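Chain order of the listed sequences is A and B.
Read in order, the letters of the first sequence correspond to residues 1 to 180 in my numbering.
Read in order, the letters of the second sequence correspond to residues 1 to 246 in my numbering.
The hints are simulated quantities; they were obtained by calculation from the structure and are not laboratory data.
In this text, all values refer to a predicted model and were calculated from it rather than measured experimentally.
Some hints could be false.
To be verified - Pulled a few chain A residues facing chain B out of the computed Cβ check, cut under 10 Å:
1) 39
2) 87
3) 180
C-beta: ideal position from N, C-alpha, C; glycine also.
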Amino acid sequence: MTDAKISIATTSLAGCFGCHMSFLDMDERLVTLLEHVEFNRSPLTDIKHCGPCDIGLVEGGLCNAENVQVLREFRANCKILVAVGACAINGGVPAMRNYFDLHECLEEVYLNGIGVNNPQIPNDVELPLLLDKVRPLSDVVRVDYYLPGCPPSADDFLQLLGPLLEGKQPIFPRNTFHYD
Amino acid sequence: MQKTNPTIHVDGQEIPFKVGQTIMDAALAAKVYIPHLCHYPGLTPHGNCKLCMVDIGNKNVTACTTAAVAGQQIRNNTETLNAARKTVTQMLFIEGDHICPSCEKTGNCKLQAMAYYLGMLDNHFPQFYPRREMDASHATILLDRSRCILCDLCVRASREVDGKNVFAIAGRSTNAHLIVNSPSGKLGDSNIQTDDLAAHICPVGAILIKEQGYDVPIGQRIYDQQTIRDVGLNEAIPEKQGNHHD
Numbered sequence: 001m002t003d004a005k006i007s008i009a010t011t012s013l014a015g016c017f018g019c020h021m022s023f024l025d026m027d028e029r030l031v032t033l034l035e036h037v038e039f040n041r042s043p044l045t046d047i048k049h050c051g052p053c054d055i056g057l058v059e060g061g062l063c064n065a066e067n068v069q070v071l072r073e074f075r076a077n078c079k080i081l082v083a084v085g086a087c088a089i090n091g092g093v094p095a096m097r098n099y100f101d102l103h104e105c106l107e108e109v110y111l112n113g114i115g116v117n118n119p120q121i122p123n124d125v126e127l128p129l130l131l132d133k134v135r136p137l138s139d140v141v142r143v144d145y146y147l148p149g150c151p152p153s154a155d156d157f158l159q160l161l162g163p164l165l166e167g168k169q170p171i172f173p174r175n176t177f178h179y180d
Numbered sequence: 001m002q003k004t005n006p007t008i009h010v011d012g013q014e015i016p017f018k019v020g021q022t023i024m025d026a027a028l029a030a031k032v033y034i035p036h037l038c039h040y041p042g043l044t045p046h047g048n049c050k051l052c053m054v055d056i057g058n059k060n061v062t063a064c065t066t067a068a069v070a071g072q073q074i075r076n077n078t079e080t081l082n083a084a085r086k087t088v089t090q091m092l093f094i095e096g097d098h099i100c101p102s103c104e105k106t107g108n109c110k111l112q113a114m115a116y117y118l119g120m121l122d123n124h125f126p127q128f129y130p131r132r133e134m135d136a137s138h139a140t141i142l143l144d145r146s147r148c149i150l151c152d153l154c155v156r157a158s159r160e161v162d163g164k165n166v167f168a169i170a171g172r173s174t175n176a177h178l179i180v181n182s183p184s185g186k187l188g189d190s191n192i193q194t195d196d197l198a199a200h201i202c203p204v205g206a207i208l209i210k211e212q213g214y215d216v217p218i219g220q221r222i223y224d225q226q227t228i229r230d231v232g233l234n235e236a237i238p239e240k241q242g243n244h245h246d
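Kindly generate the complete structure, drawing on both the sequences and the hints.
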């Protein structure tokens with residue numbers, strides 16, 4: 001490994017930030033990691049746009065047009081793109097809405113739901129346009145690696161990043177990863 | 001004159017069998033694991049899931065439906081076959097609702113455990129997200145067809161062990177679906193009971209017993225502790241305890 005730090009960008013699209021929380025579960029091991037990496041765009045840095053990076057970690061699937069835009073920015077800038085967690089890999093829990101029409105979902109939440117005051121479906125131009133279905137990342141861009149889990153554990157992240165930092169291919173032992 | 005038992009070879013290992021046994025029967029008896037989802041020792045094999053595909057010579061056959069014949073040289077645990085099995089598993093995942101974090105069966109699910117066993121990191125194919133009819137009409141048993149993998153185990157368990165005829169598979173290809181044998185077609189009007197094998201044998205979360213959700217926390221479930229290989233080598237139809245009482 002050279003002295004130059006590896007740059008990592010992270011984002012949460014249609015996810016719950018659980019994967020990011022799990023990443024932080026590395027605890028004191030983050031200190032060692034930070035000797036080798038620097039963060040580009042990430043909720044941890046608040047940098048707004050992804051610049052050229054070595055590794056992009058993307059949590060969450062795609063539920064709206066902004067998600068797609070951010071994902072494409074990551075793909076264009078990251079040498080290695082990793083789909084992190086169930087939602088990025090197959091849509092996850094947000095994709096449960098795929099079994100219903102989008103309009104049915106909006107009506108249930110904003111018009112007919114219990115305890116709704118002033119029922120109206122939000123329609124502000126500032127709001128990203130919803131996709132008809134929640135999609136996994138691989139429906140839109142090429143994904144280099146998949147890190148399953150809901151969320152993947154801190155150990156899983158380290159297992160993925162360790163070899164990548166050394167320019168090697170990660171190997172996932174079959175007995176450690178889970179989908180839940 | 002004493003005759004020696006005939007044998008087959010699986011990945012080079014010599015395995016004795018009794019005439020009439022399938023390759024799967026002989027392998028399981030010798031504690032040799034051939035991956036399978038739709039096979040259950042004691043029920044008539046159907047060869048639905050194709051995961052137990054093995055190579056004999058230049059031919060692929062399903063181990064659960066092919067008779068063992070003396071001298072067979074069988075390849076089972078090979079990179080090529082396991083890659084094909086992973087592809088089959090990926091197709092089963094994308095054809096139904098197999099979003100593990102939202103399913104009560106997670107950790108106890110054989111489809112999920114098979115995917116772990118085969119090292120499946122992604123679904124590879126585009127998701128179908130099918131919308132199939134859910135049947136919550138029974139007081140204690142839920143049927144969610146969107147998770148059904150059409151393994152047919154509930155159909156066979158009901159007929160062969162429970163002595164009933166609650167389930168069948170109707171339709172073809174992507175329209176194939178589980179139907180219930182009752183006047184209304186609803187589970188609540190059928191004669192299924194919670195201690196029937198058919199209510200418990202579902203390898204996925206299509207048939208679930210109600211009001212037991214998350215009794216066992218995620219992380220402490222069957223396939224959180226064991227691989228599907230370990231479980232599959234020791235499976236047998238459980239003895240029925242007592243009379244029906246629901």
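TODO: Could you tell me which of the hints above the structure violates, numbers in ascending order?
DONE: Per hint list: single violation, 1.
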